[in-house]
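**Student:** One-letter residues, chain by chain:
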Amino acid sequence: MGSLGALWVSFPAWSQILLWDLLKIVVIIVPLMLSVAYLTFAERKVISYMQVRVGPNRVGPRGWLQPIADALKLLLKEIIVPTGANKILFVLAPVLAIMPALVAWAVVPFTPSLVLANVNAGLLFVLAVTSMGVYGVVIAGWASNSKYAFLGSLRSAAQIVAYEIAMGFALVGVLMAAGTLNLRKIALAQTGGFWHWLFLPLFPLFIVYFIAGVAETNRLPFDVAEGESEIVAGFHVEYSGMTFALFFLAEYANMILLSALTTVLFLGGWLPPFDFAPFTWVPPFVWFLLKVSTVLFLYLWLRATFPRYRYDQIMRLGWKVLIPVTLVWIGVMGVVIFFTPWAFLFYR
Amino acid sequence: MTFESLVFYFFSAVLLWSAAMVVTIRNPVKAALFLVLAFVSAASLWMLVEAEFLAIVLVLVYVGAVMVLFLFVVMMIDVNLAELRQGFGDYLPLGGLVAVLMVVEMAIAVGPAQFGLHKVPIPAALGSHYSNTRALGDLLYTVYVYPFEIAAVILLVAIIAAIALTMRRRPDTKYQNPAHQVNVQARDRLRIIKMPTEHKS
Numbered sequence: 079m080g081s082l083g084a085l086w087v088s089f090p091a092w093s094q095i096l097l098w099d100l101l102k103i104v105v106i107i108v109p110l111m112l113s114v115a116y117l118t119f120a121e122r123k124v125i126s127y128m129q130v131r132v133g134p135n136r137v138g139p140r141g142w143l144q145p146i147a148d149a150l151k152l153l154l155k156e157i158i159v160p161t162g163a164n165k166i167l168f169v170l171a172p173v174l175a176i177m178p179a180l181v182a183w184a185v186v187p188f189t190p191s192l193v194l195a196n197v198n199a200g201l202l203f204v205l206a207v208t209s210m211g212v213y214g215v216v217i218a219g220w221a222s223n224s225k226y227a228f229l230g231s232l233r234s235a236a237q238i239v240a241y242e243i244a245m246g247f248a249l250v251g252v253l254m255a256a257g258t259l260n261l262r263k264i265a266l267a268q269t270g271g272f273w274h275w276l277f278l279p280l281f282p283l284f285i286v287y288f289i290a291g292v293a294e295t296n297r298l299p300f301d302v303a304e305g306e307s308e309i310v311a312g313f314h315v316e317y318s319g320m321t322f323a324l325f326f327l328a329e330y331a332n333m334i335l336l337s338a339l340t341t342v343l344f345l346g347g348w349l350p351p352f353d354f355a356p357f358t359w360v361p362p363f364v365w366f367l368l369k370v371s372t373v374l375f376l377y378l379w380l381r382a383t384f385p386r387y388r389y390d391q392i393m394r395l396g397w398k399v400l401i402p403v404t405l406v407w408i409g410v411m412g413v414v415i416f417f418t419p420w421a422f423l424f425y426r
Numbered sequence: 120m121t122f123e124s125l126v127f128y129f130f131s132a133v134l135l136w137s138a139a140m141v142v143t144i145r146n147p148v149k150a151a152l153f154l155v156l157a158f159v160s161a162a163s164l165w166m167l168v169e170a171e172f173l174a175i176v177l178v179l180v181y182v183g184a185v186m187v188l189f190l191f192v193v194m195m196i197d198v199n200l201a202e203l204r205q206g207f208g209d210y211l212p213l214g215g216l217v218a219v220l221m222v223v224e225m226a227i228a229v230g231p232a233q234f235g236l237h238k239v240p241i242p243a244a245l246g247s248h249y250s251n252t253r254a255l256g257d258l259l260y261t262v263y264v265y266p267f268e269i270a271a272v273i274l275l276v277a278i279i280a281a282i283a284l285t286m287r288r289r290p291d292t293k294y295q296n297p298a299h300q301v302n303v304q305a306r307d308r309l310r311i312i313k314m315p316t317e318h319k320s
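The listed protein sequences derive, respectively, from chains A and B. Residue numbers for the first sequence follow our numbering, so the first one is 79 and each next one is one higher. Residue numbers for the second sequence follow our numbering, so the first one is 120 and each next one is one higher.
What the hints contain is simulated information worked out from the structure, not anything from laboratory work. Possibly wrong hints are sitting among the right ones.
[What the hints assert, rightly or not] Computed from the model, here is a short list of chain B residues facing chain A with C-beta under 7 angstroms:
hint, residue
1, E171
2, I175
3, V178
4, V182
5, A184
6, V192
7, M194
8, I196
9, T252
10, G256
11, V301
For every residue, glycine included, the Cβ atom is placed at its ideal position computed from N, Cα and C.
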């Protein structure tokens, strides 16, 4: 142990910082990847029970090892590159899909002190990084040299551009209410009981953000980019083995990320719903996990409940319903904060 | 060489290389992707001078939205390279002249005479609590409020003009009115008729 300490001290200062940060990143990524694996299992189980089925129950006790078996299978499968595909971009696309889903976790605060990078422009950073996720889908569709994949990627590009605007405007409301771009401070601005959380004064924006989040992750009912019954598997139709698994991981990591962001921005982050004794005993991190799990369950519930939107309906909902709703609510907030005595409703 | 200058030279090299690739590569989709790489490298350079708001907004607006639309269009059009190459020789002298002129003008404007440590000293590092976003917002909405609002109005006019120029109503379009679809009743669509049972004779 002493020699290890001596070895550590012998490193130059910059490499100590680098190694320490790498360790922190691993501490975030490894549980995240495990949650992704078990989220797929939870999804299959939840949807099964909603459809009066049993779901996976063969691998391991009560099916608990199913995600491990799936991961092993995907690792061992062959990666097939289609003829005429652009090889470099074909392999790069899944990497570009998963990269933003992991990078954005750098600024997500889990508890008041547990955050990798407590940056001032955290909200903007998250928005910018998640907006890069579409490149994985677009490049995958183009590089595959397949018409179904291409159609999927075109659909995805149009959809993401539409819903990104609604999402951005919903976040403008959060910014106005909290008065800061720092995610940790936004969560802290909601201190108090659940009636101080931002989802109440910003209810329309909360709904818009959630719907836009579902659309951004290409989940049902907005999964026209994959649309099994229309375009086989959409943008990842040509992908197999680990390259396909990366897209899969990216989708679920994005789901968890958006649930965590919804929690931090609208549901008070790690704060307990009531600010007194039995609730404050529960550690903040547990509250955070509970809220994230609740939002994730909503995602699964949506998938089991709704049929897929038609493409023109998606565009109409994005441009003609969600964006006007956010614009009107931002206007209402601005007028109330600056011209009426009820500014305390929105601004903290 | 400090760590910062290492990062600076790395991103500068990537930026210059990708910018050169944008204009030299033949495939338009790859050119657009190299432009994305150029934007990301430029954003990283801005991050290095502690302009985090500008850097993030560059990524958010250009990489996240503008270039996606660009790719969307470029992926669908079928560019015939041979047709584009026609007349390359004819335009070369004039194009070359314009290019040389531009290089000379840029060299005069942003040449080494105007820059360098003796002209612009190294800015002092800002504290970790200094918020670039807040400083920019304070300036934009106080000192520069009129230019800012005028720019906003010009952009709005441009949006309206673009929509007005491209919007045309086609008489044969099969567009559905969602309100009608939602309000439809079963009896509007379905008619139940009572018929006497037919017997085998």
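**Student:** Taking 7 angstroms as the limit, does the beta-carbon of E171/B come near enough to a beta-carbon in chain A?
**Tutor:** Constraint on E171/B satisfied, holds at 5 angstroms.
**Student:** Was the hint right that I175/B lines chain A, CB cutoff 7 angstroms?
**Tutor:** 5 angstroms, holds
**Student:** Once the shortest beta carbon distance from G256/B to chain A is found, is it less than 7 angstroms?
**Tutor:** 10 angstroms, violated
**Student:** Hint validation: I196/B versus chain A, beta carbon distance must be below 7 angstroms. Holds or violated?
**Tutor:** For I196/B, the interface hint is violated, since the closest Cβ of chain A sits about 12 angstroms away, which is over 7 angstroms.
**Student:** Holds or violated: is there a CB of chain A closer than 7 angstroms to the CB of V301/B?
**Tutor:** Status violated, d = 11 angstroms.
**Student:** Quick check on the hint: V178/B CB to chain A CB, less than 7 angstroms?
**Tutor:** 4 angstroms, holds
**Student:** Does T252/B pass the interface check with chain A, least Cβ-Cβ distance below 7 angstroms?
**Tutor:** With a closest approach of 6 angstroms, the T252/B hint holds.
**Student:** Identify whether the interface hint at A184/B stands, where standing means a beta carbon of chain A within less than 7 angstroms of its own.
**Tutor:** Holds, because the Cβ-Cβ distance from A184/B to chain A comes to roughly 6 angstroms (cut-off 7 angstroms).
**Student:** A closest beta-carbon separation below 7 angstroms is what the hint needs, so does V192/B meet it against chain A?
**Tutor:** Since chain A brings no Cβ nearer than about 10 angstroms to V192/B, farther than 7 angstroms, the hint is violated.
**Student:** Holds or violated: M194/B as interface residue toward chain A, Cβ cutoff 7 angstroms?
**Tutor:** Holds - the Cβ of M194/B comes within 7 angstroms of chain A, reaching about 5 angstroms at its closest.
**Student:** Against chain A, run the beta carbon of V182/B and see if the smallest gap drops under 7 angstroms.
**Tutor:** 6 angstroms, holds
Checked against the numbered hints above, the structure breaks hints 6, 8, 10 and 11 and satisfies the rest.
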